[in-house]
Amino acid sequence: MNPWYDDAGAATLGSVFRYVIPEAVLLGTVCLLFLFGCVYNRRWLWGCVSLLGLVGAMLVAGLYRPGSMAVAETAPVFTDALADLVRWTALLSGLVLLGLTWPEVPSSRAAEYYGCLLTLLAGVALVGRANDLLTLFVALELISIPTYVLLYLPYRSATTREAALKYFLLSVASSAVMLFGFSYLYGVAGSLKLPVLTATLSQLPTDVLSPLALLGAILALAGLSFRLTLVPFHFYAPDVYQAGPAGVIGVLAVLPKLAGFIALGRLFGWLSANPAVLPFPPATSVPSILWILAVLTMTVGNILALRQNSLRRLLAYSSVAHSGYMLMGGVIASAWSEAPAATAAAIAPLVGGMDALLFYLLAYALMTFGVFAILTSLDTPDHTVDNIDELAGMGRSHPVRGLLLTIFLLSLIGMPFTAGFVGKFLLFVGAFTAPAAHPELSRLYQGLAIIAAVNAAVAAVYYLRLIGVLYLREPVRPLPRRWAILPTLTAIVLAIATVLFGTYAQPLLQVSQKAAPRPAPAAVQHSSQP
Amino acid sequence: MSEPIGLVWLILLLPLAGAVTAALLTPARFGRTLAHVPMIVACACAALLAVTLLTQWERIPQGQLLSEPWTWFAAGRLHVRVSLAVDALALTMLTMITVVSSCIGLFSVGYMAGERGYARYFAVMSLFVFAMCGLVLANNFFLLLGFWELVGLCSYLLIGYYFVRPSAAAAARKAFLVTRLGDVGFVLGIFWLWKLSGWQTDLTAVFDHLLTHQPPQEEITAACLLLLCGAVGKSAQFPLYVWLPDAMEGPTPVSALIHAATMVTAGVYLVGRCAPLFALSPTAVITTAWLGGLTALLAAFLALAQTDLKRILAYSTVSQLGYMFLALGTLGAVHPTLAVIAALFHLLTHALFKALLFLSAGSVMHALGGIIDLRQFGGLRHRLPLTHLCFLCGAAALAGVPLLSGFWSKDLILESVIAASEQSPAYGGGYYLLLLMSLLTALLTAFYTFRAYFLAFWGPERLPPQLQGHVHEASAVMSLPLVVLAIGAVGAGAILEPFTHALSQFVATTPALQQAATVVTAPAWQPHIDWTVASISTVLAATGIALAAGLFARGEPEQLPAVLAPVMTLSQRELYIEAVYRAVLIRPAEGLAFLAKVADQAWDGLLHLLAALPGMIGQWLRVMHNGLVQFYALAMMLGLVVLMIFVVLGLSR
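Chains as they are written, first to last, in this note's numbering: chain A, 1 to 530; chain B, 531 to 1183.
Bound conformation, chain A alone (with noise of 0.2 Å):
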């Protein structure tokens, strides 16, 4: 049976490809690049043709917008709010890249690069419309393996191909075990289509749920942990980031981390239609396990980063505990698949998980990108910057810089007034909040969000370090006094972003609201029924 057409009726590729333009026009700058790359290869040529393709996305993106798809349940791709948000928030950081990463492109082999880079784009983009397990997994590996390309073209020196390297085998070994996991959860459900199969296994009763669909779904996990650095799959993070370019570590720290989620939502149901009726809720183990995995990330990646002193070390562990964080919005829309009604309508108005999820994505984007926007700005192509005494009194020397880099580092501590205290703040409320039938359930929630305070207080010692080596420290040596001018733009409107949004968290929490919506009392009430 062809996956693709499997139901009569189904939807050809033809009529859902307008819902994927704005992709195919960044595909279809890639293939100019990649084609003419080789005849004339400079930095501010291809730079100038990516800015347009990313524009020219934007532009059919924002004016052409095909209805709703009749035939959602048969279709490879579909959209929807969320969908939206994730093209947007792509199409937006491929801006925020190509001003950060300009250093960084070597002008021999620009076109290669930028290819690379809107390839990944176009697969973030993508992941937020796949409809089956095949499209998700195509978009996920749109994204991995331009990954393995972007580390080793901009400094080609020994170490960025060892990075290169272990990246490239962890990943592919990840791959596959999703891959295999996705096999299982066709062979459960019969479907590759995430509306069907979310609504089949849902529909089982949890004490005959399958064996084959849980260790499908663990499986699957295992591969998007490998994506989101959750422990025990984070180990290629400090390597990788010690060694790769600064401007594609940027990339790595952010975008497969948003794909990731997105794609654990849409295949956990937190991210469908219904929010309500979950393939794995509480009554599963699948709950439980990433209640423990949010635990040791974020445990683990804090600890870690407490004695570093190689900085991007610092900022791997630093975004591995990140992703900890963010993973409690998983556990969260999970407990409120089996909220009781009477308590779904009394807190209604609380958090209900992926949005707040969704918010710290988009803050966690802000910052990291602001952080590595500065380490490029800083970085030559003989030497990175990499240990923090080379960072000492950089508030005196380059005081701009200097400045910009704190506001990302106080945003990521979570410090009010900064976006990361607006999205900790809401993920610890809907975990301190989260619906639980059981009292021993409610409390492990509220352990949960005690867990991740008592980590954030942790954390606000490496950052807090960091910062003072900033303004307190005499310079060990001089940073390069080089004027980087775009990617200290790009930092600056992530930094008043940062702010903005921290001050006045309104807006972006509007969007997440609209693109996860909170399960409908209404909804909870039918799903508990049996």
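Be aware that one or more of the hints could be misleading.
[As the list claims (entries may be wrong)] Have a look at the derived ranges for each label pair, beta carbon to beta carbon:
(1) A/A283 / B/L1164: 27 to 37 Å
(2) A/W483 / B/V1172: 48 to 58 Å
(3) B/P557 / A/T503: 21 to 31 Å
(4) B/R607 / A/W483: 24 to 34 Å
(5) A/V454 / B/M1167: 27 to 37 Å
(6) A/L92 / B/A699: 45 to 55 Å
(7) A/T503 / B/G899: 39 to 49 Å
(8) B/M1146 / A/G468: 52 to 62 Å
(9) B/Q592 / A/G468: 50 to 60 Å
(10) A/N309 / B/A1129: 54 to 64 Å
(11) B/L1158 / A/F17: 38 to 48 Å
[Stated by the list, open to error] Chain B regions said to be covered by chain A (calculated; three or more residues, Cβ under 8 Å):
(12) 1141-1147
(13) 1150-1156
Simulated from the structure, these hints should not be mistaken for lab results. Even glycine gets a Cβ: it sits at the ideal position worked out from N, Cα and C.
Once you have looked at the hints, place chain B on chain A.
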């Protein structure tokens, strides 16, 4: 702008723009000479706009303007919305603030010329005007709180303007901390109200809700008392008044604007604005009355023997604010409009004559090169004729000389207290006692005001030796505001109320006051002149002035009859209240702090131990990150296996 609410936004944002512009001028060279322009232009324009709005007010329906609210932040049930509300009460305050700040800004140009941080001064002053306007206009308790704190911050920055002087830094800190003590209560009160009023924070919504769903008496009393805490701190009432006399360390125009005319009246305004809430709680109201009455008498007594001219004026400010609280404290026993209008009327006239007195004192200080101690100078009436005249106008208004502004407003307060003692069902005797206290205060006020006046301006000329021949009247830019304020101090009272009743008719249209009137039983109030009160207070003022003239008109300081000497000593030592505070509050707090420090060090050691733990675990975990890709893959697969075992165990359970 056609939309009236747009006009209000403009009034609010003009001073902010002035502050930003002045701050941007700081690094520029001409910032040292031209930084006053943004503040004065902004305040003057805002004042013009406020007056325009005042003249157009009749066309406003329902006596209130509300801006379109937009959500600032929301969490759960807490919705904090940015919204402005203008009613007659707010508009009166707004006009007073912008007019007085324009005058004082102008005066500062001469007074502050050549000071270090000239631009900083005007930036913060302008920011203060913005914050004060915001405080008056805010229609949301949290927005109000934000401006309330911003006002406190500006006050802190300006008291500590000469921050290199340790006493100024200490005074700034003291003012900030003491008012913060009250603010704690204020915040708690806001949260309590939020809970009582069905999770709303907009002032108008809270009033509407509480008047339709009356909460239990104890709860609304507690909430009102907590709000009162904030008001007491900001308006320097007993027992939190101690910061205001020290706040005179700031430049004199700051004392005039912030610590006499505007900021310290914020507490009075808050209580007046929340009249519908206080009308629900007779206990909170009588507490307000007693606090006000006590403060008025106490501060008047403390002002008797001070030798620092600005300190006398500071205590007199505290005392007059006490009068205003006393007037508010009759709310409920008398019709709310009478109580609030009496307080507001005195607030307005006090703003004029006290700003005038401070600016005159500033003019003296300017002429004498910073000397303000009454023991070191005297007999200045020939050297500084204009200042002398202005000070006399202000002093006469403060003392309650008939027909001047202070006379009329004080009479209205006395009238409201008399009415309260007649009408209050439960506290009639208390109000009678308060009436006697306020009459005594009026006598003391006249005495200490003219004591200061005679010592400074009468008798033979006495000048510090280094200044002989240099003392002269200040420039026109400083004289003009003095004259404007003097005219206001002399005439404003008579024009505003006793003969025209313009103020009471205007303010009575305030919706909040009408709401408050619905819950009290007191009979309606008809504005009139009470000639009995007027004659009594005339006698008191004359007696006080005559006493002061008899004792001090020779201009030679501190030649007191033996009977008065111990009283004056007691007053000069400020009743040892600071010492009592030190012994009762500060010493135990220091002891507690020491204990806490010891305990903290013990904890700290324990925590260091705990903090070292993650580091040690980290050392151990780091071994696993050995860079071997085979090991990484193995770890991942092992992790996967563990997860699977977990699932399988979960299944078989």
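Here is what the structure says about each hint:
Separated by about 33 Å at the C-beta atoms, A/A283 and B/L1164 satisfy the suggested range of 27 to 37 Å. The hinted range of 48 to 58 Å is satisfied by A/W483 and B/V1172, whose Cβ atoms lie roughly 51 Å apart. Restraint check, B/P557 to A/T503: a C-beta distance of roughly 26 Å satisfies the suggested window 21 to 31 Å. Between B/R607 and A/W483, the C-beta spacing of about 50 Å breaks the proposed range 24 to 34 Å.
Between A/V454 and B/M1167, the C-beta spacing of about 30 Å keeps the proposed range 27 to 37 Å intact. A hinted range of 45 to 55 Å for the beta carbons of A/L92 and B/A699 is consistent with their spacing of about 48 Å. At about 46 Å, the CB distance of A/T503 to B/G899 agrees with the hint of 39 to 49 Å. As the Cβ distance of B/M1146 to A/G468 is approximately 22 Å, the hint placing it in 52 to 62 Å is violated.
About 57 Å separates the C-beta atoms of B/Q592 and A/G468, a value consistent with the hinted range of 50 to 60 Å. As the Cβ distance of A/N309 to B/A1129 is approximately 34 Å, the hint placing it in 54 to 64 Å is violated. Between B/L1158 and A/F17 the Cβ separation comes to about 46 Å, which falls inside the hinted range of 38 to 48 Å. Coverage of the stretch 1141-1147 of chain B by chain A holds. Counting CB-CB distances below 8 Å, 4 residues qualify, and the rule asks for three or more.
Counting residues of the stretch 1150-1156 of chain B whose beta-carbon sits less than 8 Å from any beta-carbon of chain A gives 4, enough to reach three: the coverage restraint holds.
Hints 4, 8 and 10 from the earlier list are contradicted by this structure; the remaining hints agree with it.
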